[in-house]
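Asks: If you read the sequences in order, they're chains A and B. Take 1 as the starting number for the first sequence in our numbering and just add one per residue. Take 650 as the starting number for the second sequence in our numbering and just add one per residue.
Honestly, the hints are just simulated from the structure, not real lab data. Backbone N, C-alpha and C fix where the C-beta goes; we use that ideal spot for every residue, glycine too. Among these hints, one or two may not hold up.
[Claimed, not checked] Here are the in silico distance ranges between beta carbons for each label pair:
| hint | chain 1 | residue 1 | chain 2 | residue 2 | range |
| --- | --- | --- | --- | --- | --- |
| 1 | B | 1223 | A | 615 | 29 to 35 Å |
| 2 | A | 73 | B | 771 | 51 to 57 Å |
| 3 | A | 567 | B | 814 | 51 to 57 Å |
| 4 | B | 1007 | A | 261 | 46 to 52 Å |
The chain contents come next:
2 protein chains.
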Amino acid sequence: MNGTGEETGFEVAIVVPKKRDKEKDESCDCVEFLVDELTKAGLIVERVNGISDEFLKLAAPLETLGRAAYELQMKKLTYIGMDLQFEWDQVTAFVRQPDGSLFSWLERYNCFRHLIYGIVNETESELILKFDGDEFALQRNESLVERMEVEGIVKQVFPTHEEVTRKRLLWIWALNWLGFTEQPIDEVYSYFGIKIATYFAFLGMYTKWLVFPAVLGLAVQLLDFGSMQLLVLPSFFIVVISWAVLLFQFWKRKNSALLARWEINYSLTDYRAINMEMTSFKQSREQLQENMDADKPTEKRALQKDEWFGLLLRIRNNAIIVMAIICLQLPFELAYAHLYEIIESDVLKYAVTALYLLAIQYYTKLGGKVSVILIKYENNQGEESSADSLVYKVFGLYFMQTYIGLFYHALLHRNFTTLRQVIIQRLIVSQILENLVENSIPYLQYSYKKYKAIRKKKCDKRSAGAKSLQFASRVEKEYLKPSYTASIGEELEDGLFDDFLELALQFGMIMMFACAFPLIFCFAALNNITEIRTDALKLLVMLKRPVPRASATIGAWLNIFQFLIVMSICTNCVLLICLYDQEGNWRIEPGLAGILIMEHILLLIKFGFSRCVPEEPAWVRLSRVKSAVQARDVCSKQLLKSLSQRKID
Amino acid sequence: MNGTGEETGFEVAIVVPKKRDKEKDESCDCVEFLVDELTKAGLIVERVNGISDEFLKLAAPLETLGRAAYELQMKKLTYIGMDLQFEWDQVTAFVRQPDGSLFSWLERYNCFRHLIYGIVNETESELILKFDGDEFALQRNESLVERMEVEGIVKQVFPTHEEVTRKRLLWIWALNWLGFTEQPIDEVYSYFGIKIATYFAFLGMYTKWLVFPAVLGLAVQLLDFGSMQLLVLPSFFIVVISWAVLLFQFWKRKNSALLARWEINYSLTDYRAINMEMTSFKQSREQLQENMDADKPTEKRALQKDEWFGLLLRIRNNAIIVMAIICLQLPFELAYAHLYEIIESDVLKYAVTALYLLAIQYYTKLGGKVSVILIKYENNQGEESSADSLVYKVFGLYFMQTYIGLFYHALLHRNFTTLRQVIIQRLIVSQILENLVENSIPYLQYSYKKYKAIRKKKCDKRSAGAKSLQFASRVEKEYLKPSYTASIGEELEDGLFDDFLELALQFGMIMMFACAFPLIFCFAALNNITEIRTDALKLLVMLKRPVPRASATIGAWLNIFQFLIVMSICTNCVLLICLYDQEGNWRIEPGLAGILIMEHILLLIKFGFSRCVPEEPAWVRLSRVKSAVQARDVCSKQLLKSLSQRKID
């Protein structure tokens, strides 16, 4: 057929336990059955015997993937710029990835999952399968792998690294320390998928841009401007704010340019999100969907009710979180900051800090759990929307936790020396520590698991007298590595959550205290240059290959960064007032102060409120989506045929 | 064929002078030739002899319009929710208007124009045509009507009222004073097109919403809240700002709901705008377009250069306007306000005001002209974008002119009595006057023209002894009525510019001085209730039927309204300070004041700046548009056939 014969590498592995006794008959053995079925489904299976488990490494010829894509009704971009349903016969009509392959890593992974979990009992009766003497009956149309997961036979299905690409990326990306902020983003995209590539593109751009305020900050800190000294800080402040505004505006441009380069139709990503939304509509209210055309006004009203109810729920949940932060966390943080300020003994200080750190860990975990529960009761539309909702809620916790102590030092005590100390401490110590922890904890986990596995094996084999045991297979090592998960809300987020959180907290720190300590930008720039490489190293060496996710922008984080810019305008003004008025001579009438506070609240209402009410009613969006789906369904087949013909001509 | 046989009313008229001598041979008479050709083109022509001119009233069978639409390659919404190129054979595939007709008024008008101006000399040689003894030669492929316009034979081509619908609208809309804010928006849409209907929908919603702050303002003004009196104004202020924020958020929702009801695919309107943009790209740089696929990076760089150059031009032009306003208009306005304040003699005051009004008229006209010239040097993409650019520039002039005097009274002199007087004076007197002028000037113009026409005729016919002359034909009366044009920048805007300007200035006035005079909302509400009906009356009775325009939102005005809300937050705070501190006892440190001013500037930068840099690079947008166009072109024909078949089945 047209340019096929390609096949993927071994990109997915299934873990099953090793059989204890190999002598038994293999007629009904479920692992053998699974391997047969996988082969029948068109996959290439390589069985690897590990020390304590057996691994089924899977690869797929392109044709098998194509069939899976067809069954999944996958929409793919055609070269006329329209997403159409994939069909194998018309494969020439579809746009290839920048690296020449037909399917992106995300699509391949989805196909693999479809193939693996799509193996069902197709016979008319139950199937009796055995494993190590245990028996279970597979019902008609029950998924084999799902059942085996329930029975504990399939321990995990995980994506595996491709050695060639991984090694290549290791050299040109993770270990390329001299590259400064240069990264092979396109290859990262092909290997890790769009979400991770977007993170690294953002990190690279942010770091590159950071050089400018870092140099400026250094100049402000070191040079003496003579009589102009009074004006230096305000000018620095203005430049920094403009810099930040431009940074994010240009990031948006870069993001859409990246999407265009990766052949993702942006407006269609948008639309895919809506599509997802529609599915959730369908799930929740299938009945109404059916007689939609019958009486439209009823449908419209129901949708509208639904929309407002969802909005109300979200507002209520956010109010709960905000109240919890203000009533529970704020006093706690202030108490700690106050204690730290008044305690004189160093030993006691450390004790208090240790206690505080313990408590805050617990509090954060609890907050994360509460947020996840709350989100379940919101009717968020689609997974990405829930993930965004979680980001906002959890960021609130971290925001309070990170900055309130700093404000305490800056505002109440006007103690700029302590403030600078704390900032340096936080930035350097915590970020270096974090990088270390980020990279060492996975390694320790891995080592521990490895040790355990070997010890267990040794115990088993002590009789056999085998002395030196080593991991022969790479796939087993990978299996023992931890996966890339979020510290909070694992169900909704992957490890990028923590990486973005770190970045956002750093950005908030450098922006909000820019005037108190201009040198801070240098530290941040240095930190980020190492961050790029260590994060890359973590992904390539320390962890399992992450499961690809679909989101194509930095999502909720963009809004958080924008919010931090606005916050930093206000905080820097307050800092400047404190700096210029060290003796506290400036008086302000209470009436004037009240009016100023009211003004700020109103500006917040103006710019925040409008986000609450969506600009397009749900029923309009739904009807648009419905017609778009209809349009695609109608034209897909016909169009594809003519497209691939035209291409061949 | 499928549900045809309909035809439009007489909706367009061509005006030609009456022939002086009717005896001459008619073989080469160009009017006769025109009538023949119009009939051949499938139009229905009715000739009406007026007093001084002759009118060719045109109607069209649906089939003729369909042919024109096909030739225009008009895109229309099909029932699968996709815009496809219109084809007469597949007419069942297209969605009908809410009132049952196939084409909207805008589409009909475009078809008419295409048919009228599409009459060309199709013979191989020149055509010699005569009119009243004058001769001219029509070149090959030259448009007949265009040439006749140049020769002064076709005086005007204008859309005419449809008597039945007009009368109906007059009764249920313009004269329905008891309807409060109720309007038959759908019928307005069918008759006047989308832009005017959107204006009236906005006006209606705004007026309805105004009732709430009007009642509140009345309560604040009249009731005595005892010890809480101090808190009344700030609370009123907060409520009003929230009200305004919600109003515009809900307006956006209503706008998209309206578009859905009128079967306009919003995302596609969006896309149509992009389409327009692409045409302008093509016009300006056809060369580059051709070898676009040949070397993409060059193309990309050129587009990027183009984009930034355009941005720079726009910034420069806006800077010119802002400088002109600050350096020329501001001193002038302040001088007038100051003179008005210090002059004691009433006579002198009136003289100064008269002088000021004269000067400001002249200045505004000049500003408008300069703006239009500047806009020509911007590379705005599409007509609507230029119109928006004009709106921003001219609004700057009017903003200064309307409010600076008020601020002078409020801030410098803390003279709230004068302020209130001036506000009432402006609101009541000027708005009532404006309404009167708006409606009487067209009538006077019409009467004058009528008088002139009759007098001329009388002079001619004095010998013939005809005594009483009356206008027999409605079309001639309409011809004499003024058309719906903007007072500034006629080339770019229609009469809605003035109506929106009036609305925006009123909104600015009531919002920015809300705290100084809460009763103001009542006046505005009353004024707007009359405004709805008088504007409707103006359109239906006083003016020619307006040429329909395509824009489907309130466009630049929405941004202006949003800007006014932000401004009003700041101004009301200043007003509150002045109100609570009548004696001027509140002191503020210069350093603090400086920092506060800096904060406001930075917030402005944050929220204004980001609008300067478009979020999507031009080349991304262009490539998306190109592929969308391609997609449509490929699928149009095939798809249509299957669609109309499915419909028939």
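Asks: If a hint holds in the structure, say so; if it does not, say that too.
Replies: We went through each hint and held it up to the structure:
Range check, residue 1223 of chain B to residue 615 of chain A: Cβ separation about 31 Å, and the 29 to 35 Å hint holds. Separation of residue 73 of chain A from residue 771 of chain B is about 52 Å and conforms to the stated range, judged on CB atoms against 51 to 57 Å. Under the hint 51 to 57 Å, the C-beta atoms of residue 567 of chain A and residue 814 of chain B, about 56 Å apart, fit the expected range. Checked against the given bound of 46 to 52 Å, the beta carbons of residue 1007 of chain B and residue 261 of chain A, roughly 59 Å apart, lie outside it.
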